[in-house]
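K.L.:
Sequence:
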Amino acid sequence: MKRQLLSLLAITLMLPAALSAQTVKQDEAVRTGKLKNGLTYYIRHNAKEPGLADFYIAQRVGSILEEPRQRGLAHFLEHMAFNGTKHFPGKGKRLGIVPWCESIGVKFGANLNAYTSVDQTVYHIGAAPIGREGIVDSCLLVLNDWSHYILLEDKEIDKERGVIREEWRNRRSGMAMQRLMERVMPKIYRGSKYEDCMPIGNMDIVSNFPYQDLRDYYDKWYRPDLQAVIVVGDIDVDRMEAKIKRLFGKIPAAKNPAERIYYPVNSSDRMIVAIEKDREQPIALGHLYMKRAATPRAEKTTMDYQRDGYMEGLIVSMLNSRLADKGKETVNPPYMSSTVRDGMFFVSGTSDAFSLSISCKQDNILGGIAAAVAEVERVRQHGFTTDELARAKAIYLNAAQRRMKMEGDRRNSSLVKQCVNNFLDGEPILSPAYSYELMQKMDQEVTLKDINSHIGAIITDRNQVFVLYGPDRKEVLLPSETEIEKTIAEAQRRQYDAHVDAHTATAIMDKMPTPGTIVKEEATGKWGMTRLTLSNGMEVYVKPTDYQADVVTMTVKGEGGTSLYPDADIPNFALLASAITEGGVGSMTSTQLRKALTGKSVKVAPAIGQSSQRITATSSVKDLETMLQLTYLYFTAPRRDSVAFEVLRNRTRSFLTNRSASPKVVYNDSLSAVLYGNNLRTAPATRQMVDRADYGRIMEIYRERFADASAFKTVIIGNVSIDSLRPLLCRYLAALPATHKGEKADKSRLPRMVKENKVVKFGRKMATPVTQVNIMYTADIDFSPRADLTLDIMQRCLQIAYTDSVREDKGGTYGIGVSFELDKDEEPNALLRISYKTDPTRYDELNPIVYRQLQHMATDGPIASSMDKVKQYLKKQYAQNAMTNDYWSYIIWHQIDDEADFDTGYCQMVDSITAHDVQQMAQTLLKQNHRIEVTMCSE
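Numbering (my numbering), first residue to last: 48 to 986.
No lab work stands behind these hints, which were simulated from the structure alone. From the three backbone atoms N, C-alpha and C, an ideal C-beta is built for every residue, glycine too. Check each hint, because a few of them may be wrong.
[Stated by the list, open to error] Dumping the calculated DSBU-like pairs for lysine-lysine here, alpha-carbon to alpha-carbon at most 35 Å:
id, residue 1, residue 2
1, Lys573, Lys521
2, Lys567, Lys604
3, Lys95, Lys650
4, Lys290, Lys140
5, Lys573, Lys452
6, Lys922, Lys604
7, Lys290, Lys452
8, Lys72, Lys347
9, Lys573, Lys922
10, Lys794, Lys650
11, Lys324, Lys521
12, Lys488, Lys521
13, Lys711, Lys567
14, Lys669, Lys760
15, Lys558, Lys375
16, Lys805, Lys794
17, Lys808, Lys760
18, Lys267, Lys83
19, Lys206, Lys138
20, Lys133, Lys373
21, Lys918, Lys206
22, Lys375, Lys711
23, Lys521, Lys234
24, Lys138, Lys373
[Stated by the list, open to error] Pairwise CB distance ranges (calculated):
id, residue 1, residue 2, range
25, Asp827, Met559, 27 to 35 Å
26, Cys984, Thr551, 52 to 60 Å
27, Ala654, Lys292, 20 to 28 Å
28, Thr888, Trp940, 45 to 53 Å
29, Ala654, Asp948, 33 to 41 Å
30, Ser959, Pro613, 25 to 33 Å
31, Ala446, Asp741, 36 to 44 Å
32, Thr551, Thr733, 56 to 64 Å
33, Pro613, Gly864, 52 to 60 Å
34, Asp741, Lys72, 57 to 65 Å
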């Protein structure tokens with residue numbers, strides 16, 4: 048008997064360990080395997096995107112593995128993977144990877160790309176049309192070449208050096224944060240491999256490294272035991288597996304492979320404080336990190352890992368809600384904003400951290416830090432409340448349920464990401480249905496006691512790092528390291544009262560409106576759409592779709608906007624929409640409204656533009672009525688909250704204090720001023736403008752713009768039935784007031800682009816020397832879907848020409864952007880924009896090339912291969928777009944606003960547009976002689 052009791056006791060003591068060792072159920076729809084050479088593969092069939100597949104190769108290698116002489120070469124190698132491989136050398140008649148992919152409609156940048164980070168490198172061919180078996184084989188051959196057969200020829204290496212330098216310049220110019228992060232890393236990672244590991248690397252090394260250094264890195268680290276091939280799409284899994292085994296099995300296993308080390312992060316007994324400032328940094332940002340070891344890869348498949356992740360997510364969600372509320376309690380809160388997160392510490396995958404981020408007021412940096420730390424400490428001392436946990440759980444459960452409902456709607460890229468994360472980080476691949484099952488279980492089992500007990504596992508006063516990024520300006524006094532450490536330590540030692548959670552009503556409407564009626568209903572004859580005319584004059588267009596099983600989108604738009612108000616009201620325009628949302632609706636503050644919407648998937652946002660006012664909204668199927676209720680309230684019951692408005696004003700004022708520190712901001716402001724002739728209505732907001740804003744007048748303008756429902760048209764798209772929608776339309780939208788004024792935008796007040804031919808150049812001191820260029824051509828052309836498509840094809844052909852001539856041949860820029868706009872109501876109505884950044888010493892060399900390429904387009908037309916690539920891509924893209932709600936919103940609004948059909952016969956129209964059509968479009972732009980170049984050079 049004694050032995051039996053001892054046995055039972057032993058079993059009882061083992062139960063927690065046994066439960067924690069339980070593993071989660073991986074998604075069986077993913078086929079995985081490992082070849083003899085060590086290469087891992089993942090294959091999954093997905094019918095959501097017919098005729099398309101994504102091909103990825105993921106590698107457990109990154110910049111952390113570089114030797115000092117190789118700093119930047121992991122990223123350099125990623126670039127070289129597109130510049131010549133064994134089977135795609137790009138010589139003679141043998142195409143390179145980029146031109147071959149573009150010949151089948153896979154666009155470089157959008158579908159064909161790669162990235163390098165500290166611990167990983169990933170390449171992909173996305174949305175490949177796999178109707179022909181040869182395309183499948185060639186895509187796999189590209190991955191195979193990336194794995195083991197990149198050529199790394201001397202000439203190509205030298206050409207790419209300039210591209211890398213310009214990518215470095217592009218990242219750092221106007222981006223003070225990039226420079227600041229690079230400067231703090233040696234401090235926060237002192238004594239570890241992470242001191243200097245950013246992938247972009249050292250430009251002296253990039254410019255001068257011997258060719259063999261790059262080949263050494265490639266030979267050492269690109270090997271099958273550190274690689275995974277991932278294929279997801281409209282494929283036969285068995286056949287794909289056989290192809291992968293046959294092709295990739297030929298790659299030899301590495302002999303005496305170097306150990307892949309995952310470098311640890313040192314612990315610190317005393318807080319590490321790093322302060323860096325930059326004259327181009329506009330605001331003071333503080334980050335407090337509480338480090339801990341990351342979960343070992345082997346433990347990520349356990350139930351404990353899921354439970355811990357669930358609890359940590361709830362803690363972050365509840366604390367972020369508190370911090371947001373704290374920022375609204377007084378007219379002058381101690382910080383502009385504050386949030387928390389939990390995840391990887393900075394760039395090191397071996398260390399996690401709970402982090403607190405604070406956007407500080409420049410005149411009260413220490414006060415903002417102390418106040419934010421106090422709220423975190425309050426949670427550590429007292430935990431959360433029952434109501435807070437209930438709300439957070441409802442949010443998580445609702446999100447999991449929606450993912451389950453939309454399980455069949457996932458795109459290939461989403462499913463690939465799961466496989467990539469599994470291979471690189473060990474994250475389990477869970478189906479949405481199983482994840483929802485786990486979420487239901489944890490929702491029932493995890494208690495408030497469990498949550499409050501777990502807080503100490505992530506929120507602590509040990510092993511801390513604080514980083515402060517600030518403006519380098521005389522008038523901004525940054526605290527010292529000692530002052531910051533003392534402030535945080537005192538805030539963490541102080542005792543705080545427990546949080547009191549205010550009760551919030553759950554009903555967002557005090558009483559229901561008197562319903563209106565539907566006076567007319569008819570099928571439009573296009574796209575399965577129904578038009579309903581309501582008793583107040585509003586027209587509602589409904590297109591049921593099943594592209595996303597649990598999504599309904601709605602846009603309600605009326606004409607007028609701010610054009611109906613004089614220039615004297617310009618200061619009020621800057622805060623117009625945000626003043627309304629910050630005030631709440633009906634009888635609820637914005638905080639009360641957020642709490643009342645807990646567990647619901649609904650977003651409703653009003654906005655007033657220059658020529659129209661609108662409400663954009665989205666919801667789940669079950670929350671459609673709530674979406675319409677909020678729409679009704681934003682029309683009829685915007686809430687005045689003077690405290691909320693002053694909080695908004697003060698926060699905006701603080702944000703604008705040092706706005707012009709960034710050259711990027713200065714340049715964009717100048718660009719707008721030149722293009723619109725210094726029109727006051729396109730000028731940026733300033734502190735002085737915000738100070739002059741009148742809350743009473745803002746409320747008056749808003750109410751006027753939403754007073755007449757008859758001036759609005761509504762488009763509803765998504766998984767909704769007309770039968771269930773009719774009574775809701777009557778109850779809410781048809782009940783909206785109407786004056787039938789028939790107001791239209793005042794065109795005399797709308798900003799117009801100038802019709803001039805000029806070049807504007809100016810200088811600016813910059814931390815990273817760069818010349819930034821925008822060249823804009825405007826013209827008046829006949830508005831039509833065909834003209835729009837011709838402009839689209841032209842800008843894409845130009846993009847290819849610029850990539851070949853300026854990026855690849857000259858190595859003069861990381862990329863040239865080309866875009867266009869065609870608007871029926873604009874004057875002029877067409878705009879072509881060409882933009883790029885480069886080394887200031889190369890502007891005189893490159894800028895003439897940019898102009899020559901456009902002139903060549905007008906003189907000789909686009910080259911045939913570019914036309915073919917663009918057409919292949921557009922037709923493939925159409926098939927992808929046509930299964931999204933956003934696409935149909937774009938199509939329907941064009942039909943309503945412009946009486947133009949941008950959908951019917953699209954692919955036939957693509958085929959019908961000739962090189963001559965594109966040439967004529969280029970000629971039209973050049974002949975009207977409306978060209979503006981705005982160039983900013985570093986001084």
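K.L.:
Now tell me if each hint is right for this structure.
P.N.:
Each hint, compared with the structure:
1. Lys573 to Lys521: violated, 63 Å
2. Lys567 to Lys604: holds, 20 Å
3. Lys95 to Lys650: Distance ~26 Å between lysine 95 and lysine 650 Cα, so the pair holds.
4. Lys290 to Lys140: holds, 26 Å
5. Lys573 to Lys452: holds, 28 Å
6. Lys922 to Lys604: holds, 30 Å
7. Lys290 to Lys452: Distance ~34 Å between lysine 290 and lysine 452 Cα, so the pair holds.
8. Lys72 to Lys347: Distance ~12 Å between lysine 72 and lysine 347 Cα, so the pair holds.
9. Lys573 to Lys922: Distance ~21 Å between lysine 573 and lysine 922 Cα, so the pair holds.
10. Lys794 to Lys650: holds, 31 Å
11. Lys324 to Lys521: holds, 11 Å
12. Lys488 to Lys521: violated, 56 Å
13. Lys711 to Lys567: violated, 52 Å
14. Lys669 to Lys760: Within the cut-off at roughly 23 Å; holds.
15. Lys558 to Lys375: holds, 28 Å
16. Lys805 to Lys794: OK: lysine 805 and lysine 794 at ~26 Å, within 35 Å.
17. Lys808 to Lys760: violated, 44 Å
18. Lys267 to Lys83: The hint holds at about 19 Å.
19. Lys206 to Lys138: holds, 15 Å
20. Lys133 to Lys373: violated, 60 Å
21. Lys918 to Lys206: Between lysine 918 and lysine 206 the Cα gap is close to 29 Å, so the pair holds against 35 Å.
22. Lys375 to Lys711: Holds: lysine 375 and lysine 711 sit about 31 Å apart, inside 35 Å.
23. Lys521 to Lys234: holds, 24 Å
24. Lys138 to Lys373: Violated - the C-alpha atoms of lysine 373 and lysine 138 are around 63 Å apart, more than 35 Å.
25. Asp827 to Met559: 27 to 35 Å: violated, 50 Å
26. Cys984 to Thr551: 52 to 60 Å: holds, 55 Å
27. Ala654 to Lys292: 20 to 28 Å: Given a distance of about 54 Å, which is not inside 20 to 28 Å, the answer is violated.
28. Thr888 to Trp940: 45 to 53 Å: holds, 46 Å
29. Ala654 to Asp948: 33 to 41 Å: Check failed, 27 Å falls outside 33 to 41 Å.
30. Ser959 to Pro613: 25 to 33 Å: Between serine 959 and proline 613, where Cβ atoms are some 48 Å apart, the hint is violated.
31. Ala446 to Asp741: 36 to 44 Å: Holds: the Cβ-Cβ distance is about 40 Å, inside 36 to 44 Å.
32. Thr551 to Thr733: 56 to 64 Å: Hint violated: Cβ distance 37 Å, outside 56 to 64 Å.
33. Pro613 to Gly864: 52 to 60 Å: violated, 36 Å
34. Asp741 to Lys72: 57 to 65 Å: Hint holds: Cβ distance 60 Å, inside 57 to 65 Å.
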